[in-house]
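S.K.: What follows is the residue order along each chain.
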Amino acid sequence: MRITSKIALVGGIPIAIAAAIAVAAWLLLAEAERARDGAALAVSAHRGLADLTRASDDFVQALPTQRIEHAIRFSVLADGAQATLGALAASEEDEARRAAAGRLAVALGIYREQMDELVALASTSDALIAEMGLRASALVGLADEARARQHASNGDIVATITDDDRRMRLTRDIVDDAQEVRAAFLALEASRARAWQDAIADPAEAERRRGFALARLRNAGADLARSFGYASRDEESAQADAVVAAYADAVERGRATGREAAALDAWVEDVIKIGATESRARHERIAQLLAYSVEAGETEQATQNVAVETLKLGRRTADALAGRDVAAVAAIVEESRALLDHMADLPISPLIQTEMLDAIEGWSERLSTTAESLAAQNALLEEMGQTGLAMLLGVQDLNEALADRAKRIGVTVRQILVLGAGIGLLLGAIAAFLVARSITGPLKRLREDMLVLAKDPAAGIIAPPKRGWGFGRDGRIRDELASMAHAVNVFVTEIARRESDLRRAKDEVDLTLDELRRTQADLIQAEKLASLGQLVAGVAHEINTPLGVALTTATSLEGEVSRLGGAVDGGRIRRADLDRSLARLKEGAGLVHVNLARAAEMVQSFKRVAADQTSEDRRRFDMAQWLHELLTSLGPALRKRGHAVETVCPDGLVLDTYPGALAQVLTNLVMNSVDHAYPGGEAGAMRIAVTRAAPGLVRIVYEDDGRGIAPASVAKVFEPFFTTGRERGNTGLGLHIVYNLVTAKLDGRIELDPRPGSGARFVIDLPISPEGREGLLPAAAQ
Amino acid sequence: MRRLAVVLLLAAGLASPALPAAGKTLVFCSEGNPEALNPQLVTTTTGMNAARPMFDTLVAFAPGAGSLEPALAESWEISPDGRVYTFRLRPGVPFHARGDFTPTRTMEAQDVLFSLERQWKEDHPFHDVSGGRYDYFRDNGMGELLASIEALDPTTVRITLTRPHAPFLATLADPFNAILSAEYAAHVLAAGTPEELDRRPIGTGPFLLVDYRKDVAVRYRMFEHYWGGRQPIESLVFSITPNPAVRLTKLRSGECHVMAFPDPADVAAIAQDPDLVLLQQEGLNVGYMAMNVTMPPFDDPLVREAISHAVDRQAIIDTVYGGAGVAAKNPIPPTMWAYNDAVVPDPVDIDRAQALLAQAGHADGFDSELWYMPVSRPYAPDGRRIAEMIQADLAKLGIRLTLKTADWDAYRLTLQAGEAPLALFGWTGDNGDPDNFLNVLLGCTAARTGGNNVAKWCDPAYDALVSRAQQVSDQGERTRLYHEAQEIAAAARPWIPIAHSVVFMATRREVRGFVMDPLGRHLFKGVDLVQ
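Sequences listed follow chains A and B, in order. One point on numbering: in the UniProt record's numbering, the residue at position 176 of the first sequence is 176, and numbering is uninterrupted. One point on numbering: in the UniProt record's numbering, the residue at position 50 of the second sequence is 50, and numbering is uninterrupted.
Treat the hints with care, since some could be wrong.
Said to hold, decoys possible - Derived pair list, reagent style SDA-like, types lysine to any residue, alpha-carbon separation capped at 20 angstroms:
id : chain 1 : residue 1 : chain 2 : residue 2
1  : B       : 24        : A       : 630
2  : B       : 396       : A       : 266
3  : B       : 396       : A       : 640
4  : A       : 640       : A       : 652
5  : B       : 214       : A       : 630
Unchecked claim - Heads up, incomplete: computed chain B residues facing chain A, CB under 7 angstroms, no partners named:
id : residue
6  : 24
7  : 25
8  : 211
9  : 217
10 : 219
11 : 222
12 : 235
13 : 237
14 : 252
15 : 253
16 : 254
17 : 255
18 : 319
19 : 388
20 : 389
Derived from the structure by calculation, the hints contain no laboratory data. Since this is a predicted model, take the numbers as computed values, not measurements. Even glycine gets a Cβ: it sits at the ideal position worked out from N, Cα and C.
Start from the sequences and build out the full structure, keeping to the hints where you can.
M.R.: Printed below as a string of structure tokens:
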């Protein structure tokens, strides 16, 4: 598998998992959204149903005339609620909840049917109530009519009674007068019966008595006639006159017979009989009319009472109905029945009694129907309340279920996200680990192989990675590491080839260098001889350029290889870098070869002119004295520029070493200061301080007050041919020789004390004698 | 929207509460309490008239005329020998339905059988119910007349008589032969309240009974399914008002629409009242004073003759009847074909009367009772005044009369029981046949205790004549027989016939369709009120 694929694999797993999570989350969130929508619908349905139940309550409590508005509102709300429930059922995928929504829709349907029934019942009962109102007012109307009739009747009765009374008086007068006529008649007849005896006793007296009796009769007759006249009974009036006159005249003339008397008697008796019975009949009429009048008053009162009673009942009924109090209505029904019975016995005008009875009976019947209807309504209301409550609870449950589901889905989504992310990270990490291993394994081997190669380019080519790690069955390159291994092999092969070439060239150079070293020793010898410097300078000048180039190139190659190795070690190698490194190595190798060839050529010729070498014997000497002598020998060179050298040395210090070499060291240091420290020609102050550093060791500190050594140069000051004053003819060997003499000849140590901003300071530790050499080690550590 | 439509439809009901239109109420100020509501139990026109709105008979007299017409019987056949009557009943005639009874069938032959047999057969389950008196039925001799009553099929009834009986068909038009519901009878019998049959009867007539309160009213309601069609008035009330002056007052004030028998003294005033209509008709009636021939001293023909000479009929007619009537000399009115005008009435002759009374051994007179009607009758507007006048007349003979009366029903019963020595009474013909007077009022059958022959006079010769007259259909022969009977009655003087009155009725102007009936029926069928 190619690295890109692996990396793609490493990157792909989390991406794929993230994508899967995203898809799952999206689906779940969509589900949650649906659940939330469902819950919102359920809430809306709940609100709708609550409104619906309120509308039905309003309907119940509304005035009859306003019920229709509430019924319509209910219908509209019910349509809305039905639509909402329909939407709820349609939106719901869960079978149970869809069924629940379906059940709610069914319950709503029942509720609507109940409401329809209620509306029908209410309209019936409202109609009944209104009808009862009409009946009650009809009753009052009837009572009023009856009263109006009674008032008219009363007037009529008064007129009738007045007339009857008048007639009765007239009749009584007639009867009274007739009685008087009869009395006068009887008196006259009596006097006539006694007339014979009276006439014998006292005729005049008898005549006088007869005259009075006659006069009385005539007067009575006249009164009777007048009374008849008053009664407009003229015929009888005349008859009275005639009958009385006939008898009276006959009596007066003395020719009265029984016939006239009998006629008068019979007539008067008839008059009395008829008059008396008439009078009695009239009296009876008056009594009856008065009785009726009283009765009619009672009737009127009773009628009014019934009307009032009915109105009271009506009011109580309205209250009972408004309170939907079935028991009270039933009680009123009973009372109305009692009133009905009572009414049938009352002397109510028959004209309206039937209507009133009908009105109350109808009212009572209607009321009992209304009571039933009311009971039915109450039952229905209770039923509706239960249905409504069930609906509300149902929709609430649904709502809670949906909200709960939405919440659960949210939780699930979070869990999936967390788990998915965790699994994704884990899988990604594992994949990354495996892939990294599959990459770093071969890379490490490659590096190791390359390091082996670097150590020993001839060790052989790098083994190709294991099959399956970049190489196919056919051994063809499959991944970048394999290509790299292949490239390294190619490179190493090439390097090996080139290096063997280089090695050959280097061997030659080494040989030359050996020669050179020998020459250098010679030079040093020569320097010691104070003539060698010039020689070295010249030789160095000639040889310097090619060797420098070769050296520089080699150094550069060394850096390149080191860089490559580092890259390989760090696993950060890239093809382009490798290619570039190869190109550089190849170019560098060429350059080294050419320049070394030229230097070798030059050294061969320099060998011929090399002078002999001197050596100095070892001896024991007093350091202070010796130092003084040395400075004295250096005097001319120092004084020429006005420099001064201060020495500090403990007395009695004796060294057992090579004084020639030590003199060379100090001379070179002083001359180095003279040459480099004071470029402006100013006078310097040098100081040589000798101290016993440790048992068996002496420390010589040399310092000047010149410009010092640039930090960049500090590491290089002891290298041969390093100089900053080549243009002034310096060889760059002075300090090198110092170093070599101190370390090789004198068995000591030298160090440059880098003091930025101050003059140069060298510290030399030397064994006082060859035996004191061991004490150098601790000093060197400082 | 459908539901909304339903709601709106229902709401339409809310808007207009419908009060059933109050039907018209017609109030008839009647003269007295009916003695019963079942016509089988009554003998007075008051009782008959109270029952009349509720019942139908097999045949009926046309209103205002004397001719018979089909009623519950659609048609009938009479056998040549005059003994077998076959009636075909009108189909589909419903009985009244009330809250307490809903008939399951229409009128059938068994109802006819029930109605007649109840009165006829002593072993009938209802025979003894409500007193078991069927005076009219018995006074008519129906018991002896009937041989059998058969239901040939539900709509055919055959009645066989023991003998030919000329007035039989007319008798069937009498209220006591009204057809009652046998089903209702079974219903009340099963309920253990058989007397309900008579207290709250069920019939087929144009009005059904609502309520009867003594001294107050009888109330009827229009019977919607009356076979003769719906009535224009919804409610009919007989407002019981014994006093004619009070009746008139009520009529004037509009408390009643029709009044019975105004006081003749008020007739002129009624005629002048623009709001009222006066109706009058020579009555098929007779007002009389019955002398109980079973009670001394009235068992003595001389006493009865004396009294007959003492009573001044004309004075009574002039005063009490206000002239609206003719002096009576026969039991039947002069409008009747059998009237014997040859009979000479006794003139008023006190001397002769006194002589006769002295001859009878009552020269000192005697004490007795005269019963007078408590209510105005068509044949006697003011019974008390008549009684008072007779009292005055007989006082001349030394007869001291105590005037007595009782409730109309009790009065009638007292008279029928034969407990009144002298009693004012009267009759209005129920069917126009002389038999209805001469037999019912003076026949021996009616002379039984409880019979309508209150004089309790039974003359075999007279009775033979009257009975004979029943069986012949030749009117000439019947006239001859009745003439002879009238002569016997005039000679025997069980009554003092007083008057054949002109009957007055008054209505308010808005009453339509009320006609006076010669038979004294108050017919409210078809009567309307128009404002």
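S.K.: None of the hints should be skipped; say for each whether it holds.
M.R.: Against the structure, the hints come out as follows:
1. 24/B / 630/A: 175 angstroms, violated
2. 396/B / 266/A: Holds, at roughly 10 angstroms.
3. 396/B / 640/A: 221 angstroms, violated
4. 640/A / 652/A: 32 angstroms, violated
5. 214/B / 630/A: Violated, at about 185 angstroms.
6. 24: 10 angstroms, violated
7. 25: 5 angstroms, holds
8. 211: Nearest chain A Cβ about 6 angstroms off; hint holds.
9. 217: 5 angstroms, holds
10. 219: 6 angstroms, holds
11. 222: Nearest chain A Cβ about 11 angstroms off; hint violated.
12. 235: 4 angstroms, holds
13. 237: Since chain A brings a Cβ to about 4 angstroms from residue 237/B, closer than 7 angstroms, the hint holds.
14. 252: Cβ of residue 252/B sits 5 angstroms from chain A, so the hint holds.
15. 253: Hint on residue 253/B: holds, closest Cβ of chain A at ~3 angstroms, below 7 angstroms.
16. 254: 5 angstroms, holds
17. 255: 5 angstroms, holds
18. 319: 5 angstroms, holds
19. 388: 4 angstroms, holds
20. 389: 5 angstroms, holds
Hints 1, 3, 4, 5, 6 and 11, counting from the list given before, are not met by this structure.
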